[in-house]
Amino acid sequence: MPRSATSCQASFYATSSDASSARREGLTGQELAFYRPTLRGYYRKDPLALFVKHLERFPHLAKLVRDLRLTFSTDTPANADAVRSILQRCDRVTRIQWPSNLDLLTAELNVLPLAKLTDLRIGGSKQEWEISVLLQALTQCARLRSLSLSLALPADSPSSFNAAGSQSLSLETLRLQTDNGLDSDASSEAVFYQHILRRVRPEALTTLSITLHLSNYDTLSCWVQRCTNLQDLEFCLVEADPTDRLVELTSMLSHLMRLETLKLTREVREWASWDEDDYRRTWGLDELAAALSNFFNTLPPTLVELVAEIWAPAGECYNLVKTFLRSHLHDSSLEAVTFDAEVKKFGRVQLEATRSHESAEDSGEAKWCLSYKHWEGCSCGDWDYGSWELEGPDAAEYEV
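Positions 5 to 404 (my numbering) are the ones given, in order, by the sequence shown.
Since the hints were derived computationally from the structure, they do not count as laboratory data.
A few of these clues could be false.
To be verified - Once the Cα atoms are required to be at most 25 Å apart in a straight line, the calculated DSS-like pairs of lysine-lysine come out as:
1. K67 x K57
2. K371 x K348
3. K377 x K348
4. K326 x K267
5. K371 x K267
6. K349 x K377
7. K120 x K67
8. K348 x K326
9. K326 x K349
10. K377 x K326
11. K326 x K371
12. K267 x K120
13. K267 x K130
What the hints assert, rightly or not - Pairwise CB distance ranges (calculated):
14. R61 x E309: 16 to 26 Å
15. S336 x T143: 27 to 37 Å
16. T110 x S336: 46 to 56 Å
Positions of the beta carbon are idealized from the N, C-alpha and C atoms, including for glycine.
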């Protein structure tokens, strides 16, 4: 292989983890180098232009590209020409990640190998794309198995969304997020999700991640119940506490008995303080404890990781968390649990529990190790405030 065939590799080469993944697929040499190029536009030398020149000089390399990741800061005519050239040459691409400049994506949509794609990832923070364009593109993606959308919905009223066709997709992975961040977008979000989900066979999904406003919970949870083969689920509520929907979440989970990873989270788009006492007034501790007990009893035995941003204040509620952990200390697939609990210094925090494996060094005993981090408004990020063993000698120092 001529040395110059990989001379510009540093400008657009994928990460080491990507390379490791490609090696596992049995790729070597040039196949490994050009299987997954990541084209980033913030280098001094434009990697898009460099890649085009490289493909012009070594046209056989275009046939090696399977996973294309495009990240650039402008939608200049030069970028548009470069992207068009790359897509026309790399006609064996099956995976595309396009996080920004979606107007350029619209202009070049006819060049994308939609019929061959198995993995399509579109959008990023505050990226807006015409919904009708997306829906039309999906009608051509017959082989698609993974779809990730993170979009800001346009200003159009929901009635203006073009429904296009409704071809059923046999997706295995679906990730949906709208990123406007305002409650007024909930109605547009509902219609957008409706158009996407009507194209998806729920029983084919094994991975689902969805972010939604609370007003859309009932409709979305009914659809999720039909995803009976799910192994990984992330259900994120915007500006709402999952504790408020604990009973309904438990009902939804009763239909999902193959889960290995479960994340019930909240997304706070505007800073707000969470009043722990609200649940003492609104629920009453007895009612909350009963709901928590039912929740734990409903969880599938296949779970490996549980992240539940659900409030378990000190007393009976937190005792239920500890009972749940003790019951999964032995002969259990569960390895990690994250829950909202009460500590002496800060009140409500996210408590992380990790199960250690039995070893001779630990006298053959398994144990749960607990820890938490807390953000105090410092721009430096979270701070680690120590760790302790469940019901160990140091527990009283942290637990209420």
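Next item on the list: Can you let me know if the beta-carbon spacing of S336 and T143 is within 27 to 37 Å?
Entry: Because 44 Å falls outside the window, the suggested range is violated.
Margin query: Quick check: does the Cβ-Cβ distance between T110 and S336 fall within 46 to 56 Å?
Written below: holds, 49 Å
Next item on the list: Would you check the hint for K377 and K326, treating anything up to 25 Å between C-alpha atoms as holding?
Entry: Measuring from Cα to Cα gives roughly 19 Å; hence the hint holds.
Check: Under the criterion that the straight-line Cα-Cα distance not exceed 25 Å, is the pair K348, K326 satisfied?
Finding: Since the Cα atoms of K348 and K326 sit roughly 17 Å apart, the hinted pair holds (cutoff 25 Å).
Notebook entry, point to check: Per the hint of 16 to 26 Å, is the separation of the Cβ atoms of R61 and E309 within bounds?
Noted result: Violated, at about 47 Å.
Check: Given the hinted pair K326 and K267, is their alpha-carbon gap at most 25 Å?
Finding: holds, 19 Å
Check: Given the proposed pairing of K267 with K130, does the C-alpha separation stay at or below 25 Å?
Finding: Distance ~23 Å between K267 and K130 Cα, so the pair holds.
Next item on the list: For the pair we were handed, K377 and K348, check the Cα-Cα distance against 25 Å.
Entry: Judged against 25 Å, a Cα distance of about 13 Å means the pair holds.
Next item on the list: With a cut-off of 25 Å on the C-alpha distance, tell me whether K67 and K57 pass.
Entry: Given that 25 Å is the threshold and the Cα spacing comes to 15 Å, the pair holds.
Next item on the list: For the pair we were handed, K349 and K377, check the Cα-Cα distance against 25 Å.
Entry: holds, 12 Å
Check: Given the hinted pair K371 and K267, is their alpha-carbon gap at most 25 Å?
Finding: holds, 23 Å
Note to self: For K326 and K349, compute the direct alpha-carbon distance and say whether it is at most 25 Å.
What the structure shows: Holds, at about 20 Å.
Violated hints, listed in ascending order, are 12, 14 and 15; each of the other numbered hints is respected by the structure.
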